[in-house]
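**Q** Each chain, letter by letter, is given below.
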Amino acid sequence: MPIPHVDAYRAAAPAAALIARIREAWSGPPVRIMEVCGTHTMAIARHGLRAPLAGAVKLISGPGCPVCVTPDGYIDAAVALASRAKITLATFGDMVRVPGSRGSLEQARAAGADVRIVYSPLDAVDLAAAEPDREVVFLGVGFETTAPTVAGAIVTARQRNTRNFSVLSSLRTIPGAMALLAADPAVRIDAFLCPANVSAIIGADAYRPLAERYLLPCVVGGFEPLDILSSVLMILRQKSRGEARVENEYARVATPGGNRRAQALLAEVFEPCDADWRGLGVLPASGLRIAGGYADFDAGRKLGIAVAATPVRSGCRCGDVLKGMIDPPGCPLFGAACTPATPVGPCMVSTEGACAAAFKYGSLA
Amino acid sequence: MCLAIPAQILTLEETRAVVSIGGVTREASVMLLDSAAVGDWVLLHAGFAIEKLDPDEAEKTLALIREMADADPAR
Ligand code: SF4
Ligand code: SF4
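One line per chain: the protein sequences are D and Z, in this order.
Just so you know, we're using our numbering here: the first sequence kicks off at 1 and counts up by one.
Just so you know, we're using our numbering here: the second sequence kicks off at 1 and counts up by one.
Bound-form chain Z, shown alone (with noise of 0.2 Å):
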């Protein structure tokens, strides 16, 4: 029931914005957002984006777990 999904928005007109799901479009609401644009990454739960999506952190990220996976575990 809290599956929040990402999805990506391809339309926007005040807080309506059409988005994609993995291809599959549907309608959702960006008013729990200070800032939407287009081509942004949200997650989606309920019918609304409830948050951004950061592409550079997602990257980070990798790089930490990546980092933590070749760790010397002696250090």
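For reference, chain D alone in the conformation it holds in the complex (with noise of 0.2 Å):
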């Protein structure tokens, strides 16, 4: 059976229809919109839409991608973990690639050190059972859609009692840089198209103190095509009315107060804490660490290993990628000496990474 309703949020008759509503709905200087999703940079990219709507709307890429905003530091203290003797690294497909200060996981790996790719938190709980004599570590990286399946193997793994199981957790929760972008003048925020799944998590409701505290419209919106430009064109109507609250389109996933249950477990494994953001500096309570409860399963405290600060690397202007400061191709290594193949910053490892759409799918008009 196919998947309800997908192909119908792909027309192209009504997305025509709706790119003309969005150009006729706003006169004024273009309507700075960021998305803070890799998928909806990925889908942006992909389907074309930044310029059919230039000139009305300017589609900014927000740190919409958990990878991209990984700092050099934890990756370090991953390769340095992973080159440890009886130490297995899971971890997902993604931040192989990204490139530490000393290095990437991938050359640690051809260096001898055992690092997996999973698809889920649980292949490496089952790992970890099969290896008994090994201790796998799970990079825990991702936002409020992946904090919960980190939380869910953590408790899974409790509950099987398999001890050789931890968590090196760099998780984090969107909402804290959004309000540290939409209150920085120098990156100009007119509204944010809201991450979809994120909010089948937190709930639309979430973004009500955004919107109201910086009058900015936020949208939840999906992402098919016919989504996002619903979901502009939602955007562009409060601010021709001067309005500025939440609206979700994607309620066929996220609903007003989002997911309870995985709201529990959240607060149930994980405190929140300090996180460094690459490009955002420090933000206050924006990343989960693991409570006391589950300190057994918190791979720092268990195996003595901390993430450091570690400066940025020169020449990358990922951090300015991430704020919306420059497109992509205003970093003079993109194309260059930055390319999917040779990436020097995660914003081109990553495929949803603003760096890598921009240069697979061309112009950013």
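In short, the hints are calculated from the structure, not lab data.
Even for Gly, the Cβ is constructed at its ideal location relative to N, Cα and C.
Check the hints yourself; a few may be wrong.
Among the chain Z residues that face chain D by a calculated CB cut under 8 Å, a handful are [as the list claims (entries may be wrong)]:
1) Leu-3
2) Leu-32
3) Gly-47
4) Leu-53
5) Asp-54
6) Leu-62
7) Ile-65
8) Asp-70
9) Ala-71
Computed cross-link-like contacts, SDA-like style, restricted to lysine to any residue with a CA-CA straight-line distance of at most 20 Å [what the hints assert, rightly or not]:
10) Z:Lys-60 with D:Asp-123
11) Z:Lys-60 with D:His-5
12) D:Lys-86 with D:Lys-239
13) D:Lys-239 with Z:Ala-71
14) D:Lys-360 with Z:Leu-3
15) Z:Lys-60 with D:Ala-8
16) Z:Lys-60 with D:Lys-239
17) D:Lys-58 with D:Ile-19
18) D:Lys-86 with D:Asp-123
19) Z:Lys-60 with D:Ala-251
20) Z:Lys-60 with D:Phe-223
21) Z:Lys-60 with D:Ala-13
22) Z:Lys-60 with D:Pro-256
Calculated from the model, a selection of chain Z residues having no Cβ within reach of chain D, i.e. all distances over 12 Å [stated by the list, open to error]:
23) Thr-11
24) Leu-12
25) Val-18
26) Ala-37
27) Asp-56
Two chains, two separate frames, one set of hints: put the complex together.
**A** Here you go:
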């Protein structure tokens, strides 16, 4: 059975009509709309949605990719752990190619480290159960979409008494980063296209403080072309009426209150901590560290490894890209020293990274 | 990395489900859902169903989109 309605969300005729409505809805200077989700970034590039909206709307890619915002220090800690004896590092595929200040996990693996790519954090728990003489460390990277799956794996490991499993957490929560960007006059955002799947967990209401405090329209939108275009139109209609509220275009998945069970699990396993975002700096209470009750599953405490702050390497403008201060081609390394085959920064590694999307699909017009 | 994909539940045993993703089957956990039933459409991310996909809401949103596309801009 096909996925319900998905083709309808890709229909060309309503897309053309929505583009016309968007162009009619606004006559002022281009409205700067930031998306903070890598899947939006990729969809916008793949469906070529920027060019037809140019003039009315400027779509800016924000810190939407967990891989992109992970700082060098975390990669370095992961590489150091992987290089120890009797440790297996399990991670999502995107992470292995991200260069840290002392190379990537891929390079560590070539040098003999045991680095395995898993699809699910639960696979890492299974790996630990199958190899009881090794410590399996899962790299906990991601936003509110991924964090509950990591919490679920930790709870499962405890239930199954799998003691040689732990997580090095660099999990983060999105609304704090959005607030920082909203408050930064240099970034100049007029509205947010809020992340779809993060919102399935935290709920559309989570953006209300942002809309109210910074007077920014916030629309939770799905990933299909009609989702994105209708969300943009909703934003422009708010702007032209002088409104700033939360609207939910993605009601087929995201509810106002979100997934309470996932939220409860997050609150049980994690506690908020300050987190260092690549390009954005340390944002208070924007990270998730493993709570005391689950300390046995915290790789940092268990294995005595700390994530150090690392200076940004010269040349890479990922920080400015993540804040929407420059478009990817504005980085001097873009397409020259930095390509998907030879990434200098993470925004070129992840397929949903702004630089990779711009490289693959061309024009940002 | 945050890619979540729609999948349909084929079988269910406690929190362990087998889901179909466009004809390909795989195991998934439904521990993050309050309730789940065979036949439900879910959004699958990293081996977990993170939320259900509501076909009625999908239809309502489409109707709203078509309305917006047809709307008189001068209203
Ligand atoms: S780039 Fe990767 S990590 Fe970032 S949002 Fe996309 S899929 Fe997730
Ligand atoms: S082009 Fe490469 S170095 Fe420049 S910002 Fe993008 S990822 Fe970073």
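**Q** Hint by hint, say whether it matches the structure.
**A** Consistency of the hints with the structure:
1. At its closest, the beta carbon of Z:Leu-3 sits 6 Å from a beta carbon of chain D; the interface hint therefore holds under the 8 Å criterion.
2. The restraint placing Z:Leu-32 at the interface with chain D holds, with a minimum CB-CB distance near 5 Å, inside the 8 Å limit.
3. The restraint placing Z:Gly-47 at the interface with chain D holds, with a minimum CB-CB distance near 3 Å, inside the 8 Å limit.
4. Taken as an interface hint, Z:Leu-53 checks out: its beta carbon lies about 6 Å from the nearest beta carbon of chain D, inside 8 Å.
5. With a least beta-carbon distance of about 5 Å to chain D, the hint placing Z:Asp-54 at the interface is held under the 8 Å criterion.
6. Below 8 Å, beta-carbon pairs count as interface contacts, and Z:Leu-62 has one with chain D at about 5 Å; its hint therefore holds.
7. Checking Z:Ile-65 against chain D: minimum C-beta separation of about 5 Å stays under 8 Å; hint holds.
8. Using the Cβ-Cβ criterion of 8 Å, the hint placing Z:Asp-70 at the interface with chain D is satisfied: the shortest such distance is roughly 7 Å.
9. Restraint check, Z:Ala-71 versus chain D: the minimum CB separation of about 6 Å is within 8 Å; hint holds.
10. Proximity of Z:Lys-60 to D:Asp-123 is assessed by CA-CA distance (about 37 Å); at most 20 Å being required, the pair is judged violated.
11. Restraint check: the Cα-Cα separation between Z:Lys-60 and D:His-5 comes to about 11 Å, which is no more than 20 Å; the hinted pair holds.
12. Distance restraint check for D:Lys-86 and D:Lys-239: the Cα-Cα separation of roughly 57 Å exceeds the 20 Å cut-off, and the hinted pair is therefore not satisfied.
13. This hinted pair checks out: D:Lys-239 and Z:Ala-71 have alpha carbons roughly 17 Å apart, not beyond 20 Å.
14. Between the alpha carbons of D:Lys-360 and Z:Leu-3 the distance comes to roughly 18 Å, so the proposed pair stays at or under 20 Å and holds.
15. Only pairs whose Cα atoms come within 20 Å are accepted, and Z:Lys-60 paired with D:Ala-8 is accepted, the gap being roughly 12 Å.
16. For the given pair, Z:Lys-60 sits about 24 Å from D:Lys-239 by alpha-carbon distance, which is inconsistent with the 20 Å threshold.
17. Straight-line distance between C-alpha atoms of D:Lys-58 and D:Ile-19 comes to about 13 Å, which keeps the hinted pair within the 20 Å bound.
18. Among the hinted pairs, D:Lys-86 with D:Asp-123 is consistent with the structure: their alpha-carbon atoms are about 18 Å apart, no more than 20 Å.
19. The straight-line distance between the Cα atoms of Z:Lys-60 and D:Ala-251 is roughly 9 Å, inside the 20 Å bound, and the hint therefore holds.
20. Under the criterion of a C-alpha separation no larger than 20 Å, the hint pairing Z:Lys-60 with D:Phe-223 is consistent with the structure, at around 16 Å.
21. Taking the CA atoms of Z:Lys-60 and D:Ala-13, the gap is near 18 Å; set against the 20 Å cutoff, the hint holds.
22. Distance check on the hinted pair: Z:Lys-60 and D:Pro-256 sit about 16 Å apart at the alpha-carbon level, within 20 Å; holds.
23. No beta-carbon of chain D is positioned within 12 Å of the beta-carbon of Z:Thr-11; the least distance is around 15 Å.
24. Residue-level check passed: Z:Leu-12 sits 16 Å from the nearest beta carbon of chain D, beyond 12 Å.
25. The non-interface label for Z:Val-18 is consistent with chain D: the shortest C-beta to C-beta separation is roughly 14 Å, beyond 12 Å.
26. The Cβ of Z:Ala-37 sits about 15 Å from the closest Cβ of chain D, beyond the 12 Å cut-off, so the non-interface label holds.
27. Its closest Cβ contact with chain D, about 8 Å, brings Z:Asp-56 to no more than 12 Å, contrary to its assignment away from the interface.
In the structure shown, a violation is registered for the earlier hints numbered 10, 12, 16 and 27, in ascending order.
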